[in-house]
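**Student:** Here's the letter readout for the chains.
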Amino acid sequence: MIKFEHVGLRYGIGPEVLSDITFTLEQGSFHFLCGPSGAGKSSLMTLLYLGRKCSRGQIHMMGKDTGKLKRDELAELRQKIGVVFQDFRLLPHLSAFDNAALPLRISGVSEKKIKNHVEELLDWVGLGDCMKRLPATLSGGQQQRIAVARAVIANPRLLLADEPTGNLDDETSMKLMGLFEQLNKMGTTILIATHSTQILDRLPHRRLILNQGHLDIFDPNAQSTEPPKMPEFLHA
Amino acid sequence: MIKFEHVGLRYGIGPEVLSDITFTLEQGSFHFLCGPSGAGKSSLMTLLYLGRKCSRGQIHMMGKDTGKLKRDELAELRQKIGVVFQDFRLLPHLSAFDNAALPLRISGVSEKKIKNHVEELLDWVGLGDCMKRLPATLSGGQQQRIAVARAVIANPRLLLADEPTGNLDDETSMKLMGLFEQLNKMGTTILIATHSTQILDRLPHRRLILNQGHLDIFDPNAQSTEPPKMPEFLHA
Amino acid sequence: MPKSPIHHHIFSIAHRKSGYDIPLHTRLGTEFLVLLIALMTYLLLLSASGSIGLGHMADKWVSGLENAMTIEIPASENAQKQAEKLAEKLPKIDYVKTARVLTQSDIGDMLSPWLGNDTSVLSDLPLPTLVSVELTKRTPATTLSIKNTVNSTAPEAIVDSHEVWLVDLLKLTNGLRVTALIVFGLILFVTSFVIAGAVRSRMAMHQRELELLHTMGATDKYISLQFIRYIFSQTTKGLGFGVLAGLMTFIFFAVFTNQSTGTLPELKMGQIDWIILASIPFLLLVIGTFTARQTVYSVLNEMP
Amino acid sequence: MPKSPIHHHIFSIAHRKSGYDIPLHTRLGTEFLVLLIALMTYLLLLSASGSIGLGHMADKWVSGLENAMTIEIPASENAQKQAEKLAEKLPKIDYVKTARVLTQSDIGDMLSPWLGNDTSVLSDLPLPTLVSVELTKRTPATTLSIKNTVNSTAPEAIVDSHEVWLVDLLKLTNGLRVTALIVFGLILFVTSFVIAGAVRSRMAMHQRELELLHTMGATDKYISLQFIRYIFSQTTKGLGFGVLAGLMTFIFFAVFTNQSTGTLPELKMGQIDWIILASIPFLLLVIGTFTARQTVYSVLNEMP
Ligand SMILES: Nc1ncnc2c1ncn2[C@@H]1O[C@H](COP(=O)(O)OP(=O)(O)OP(=O)(O)O)[C@@H](O)[C@H]1O
Ligand SMILES: Nc1ncnc2c1ncn2[C@@H]1O[C@H](COP(=O)(O)OP(=O)(O)OP(=O)(O)O)[C@@H](O)[C@H]1O
Ligand SMILES: [Mg+2]
Ligand SMILES: [Mg+2]
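Chains as they are written, first to last, in the working numbering: chain A, 11 to 246; chain B, 11 to 246; chain C, 25 to 328; chain D, 25 to 328.
No lab work stands behind these hints: they were computed from the structure. The structure presented is a predicted model; accordingly, all values stated were derived computationally and were not measured. A few of these clues could be false.
What the hints assert, rightly or not - Some but not every residue of chain B turned toward chain A, in silico, with C-beta under 10 Å:
1) Ser120
2) Asp180
3) His205
In this text, a Cβ means the ideal position worked out from N, Cα and C, and glycines have one as well.
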């Protein structure tokens, strides 16, 4: 599904934020992305949703070398990726409904289908009566739930979520994690960046741990609660 | 310090988001504000930092009826309040340094003093080498730390923080909570809205609990872990 | 004037304008483009119709001068007779259409600004007798024949063939036409430049929205269509106002020239002229849309 | 043309422009205001100098007509004698400054457009003899005395006292002056309207920043000063360009009139006129700054 080979990233002329990252995410896997603030989690996400080109190395996605794709092919690939941004990035002039409907509109789905799907999903995340409101009139958590709805509405093959529950109470958080697990069962590859010990404690998925631009993988099922750096899993 | 009397708030012609809120925060107290997403925490904060007028009831702050103050007196009062917004609200065109320096500039402190203070504080929150960068080039957690720095830089008499650690790892979160406690010891009244069970579990401060527009107060020291609604504390 | 957006946020329910993900239709900065396009259209219409009118006027003057000559016979006893003889003889020359002796009152009209309207004064003046000759075509042979005939019939007469005037007039009108063309081209250039600027500034304004759409897999076509549609509608609006202003000016001008004493030369337009004028808005629309398209694509290409 | 801000974000280190918390100095939309103020200044200068020039011209014409009369003595044998007699007698009347018999060549100059430059023709013509009378002041008594004198000396002569012309000319010039004043006022009004609009749209654009500053306890004065300073600097820039364009036009005009054959009346400006023109930019600056102030305060007052 996703293969990073010696990937490095620097912003402009700054230092390397990510250096020599190599890993593979298999189709249908579920991973958490952890690491202290400023470690490069969002930057890694940016590379994954093709929002930026890596400064070195190669990124393969869904069987294609992303460095060699044409603009239209890239757009097509991007349509298969759902993203929950750390800062939501809702369009301020569009209603909750229209924000969530955006990916469907971009891929040209009919308005009737859009109406059904979006209303159902927004109802489910508890925003059934906020659909016509602008993001600025919603609470932080409500905005975050729209961001999540927008990311999953088009049934993406890869779902990237950057701190998707930072503004949500525990109950809602676990509900959304349930949604992600459901999607995962239906075949979506999932990567979630999170600080929440709450979530990490409860869900036993593998973790990518970023620190100062380097990546390690840690599997809470295999080793009880020990620190990372396990060569076995890098081969698994 | 702060006295709410039967305060209600509605946005435009919508329903009441807060209804009949009555409570008192004493000078130098430390409270958490809890409640599910959409309960009205940020709205209550807005009333507290005088960003909006309540639709009914009275709000007394620092001995003054806020409904009867003139524009300049309100501005003066606002200068004594530090706010960490849920969505940071950094000015996108100003550097980290200038963002943090804003409250000092507004109250007319000399540039030399500003330089000393701001640099020291930004160093302390771990952003010593990001001072000249624009918010857009910083990670979510780094932006949040600037927002915190901006709120405390002018040594406010009241500090309001809305989910100030939502994008931060545990270590940094606890460091910031330490900063807030330190400020509290120096006499600042503090109110922090948070979902983090991590923080709530570790710090034994009183909690204001909002639910569907109503407020209850809960003291974790007095009653072990039981649900709210304790008439004794409303009189305390 | 835009209202503070917070009011908008609170009281209104959001309506997505169909087909626009980017709020291009909001009022900020929109008036500017419409106004500018209107102004440009107006200027183009004016400069075009001015140059067309000038062309016609010049043609008329030139042909008037080219195909006309005046013969002055100084006042003398047999001036009138000589003149009448000339008026008889000259039309027999090739290409001479008519030859007419100007009456006292014709001359009186010409001189009235100088000598007052009192005709009694005029009749006392021994004015020269003038013969006005109209040609169908001016050839050297014709000119020579006329001169010869005049010399033999009225030796004292002077033939004014307007040659100096003609050259000057042609120079002037050609100069004016070139100027009008340059102005025309300049306006078109400025317009496309301004539209490119407007597109770029709108795109910079909505940078975040654009990036988001791009990230979500919107193709360049999907995004650019919204901008092109926006520029198209703004341009159309501007064109409407410009054409309206132009029409009003024409009508005003027409009424004004009808009322005037006839000293202003008339600006009669032919069918082709109207077609040229009518095609100007379309030209602008095409240029505007094309510029917008190119600009959007060039900006989008900067995104990964 | 603004560069995509993302480049700005990545490659540059932020510099706060001293005194500005709100990024008013960024380029988006700035050109518009400067351009507009420049245009307005230019138009004001033109309309003001035009009306001043017109005033002078009209004064000159009126006083030229008012203090002049022409006496026409129809061609006859003793016309010249009568004229000379009149030129002798008339200056003795009160308020008559001079009386001069126009020579053949004076009259020839006047008639040359009609009769050609050939002086030989002119000498053959029995033109009327003209006496030009210059007055220091026109009173009914003077006019009557002149008429009587003319009647007794040259009974056939006609006195042209230009009265009809005078009334028409005064009507015309007064009309033009009122028009110029109206245009002037209109431009001022539009300018302040546009500035208010620019301030409002800028404030709407930076609504979030404004609210933040307000929330942090910035006083209305603190915030408004930034806008006023911005409008002040933009207006000054625009004024500069406008004045420059105005000066260039004046110089062009001066060169042009010097080269011309003198048919265009000269536009000589007095000291007071220059002062009036020079005060226009200051007027605009004051109006602009004041409008900005009022607008900012009225918008800020909508905040709690
Ligand atoms: N656009 C940018 N330009 C320059 N530097 C950037 C940019 N975005 C991020 N950085 C820097 O790259 C580093 C990693 O940032 P990133 O946002 O990936 O961190 P993160 O792991 O998501 O942190 P957080 O948990 O705080 O969100 C940080 O030091 C940040 O300052
Ligand atoms: N500007 C606004 N206009 C209209 N309604 C608003 C506005 N801001 C908030 N609301 C509504 O008021 C209610 C309370 O919002 P508030 O932001 O106070 O919740 P919150 O407790 O902060 O939630 P969260 O934890 O998700 O941030 C929500 O239903 C929200 O939709
Ligand atoms: Mg991040
Ligand atoms: Mg909130």
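**Student:** If a hint holds in the structure, say so; if it doesn't, say that too.
**Tutor:** For each hint, the structure was consulted:
no.	hint	result
1	Ser120	32 Å, violated
2	Asp180	6 Å, holds
3	His205	5 Å, holds
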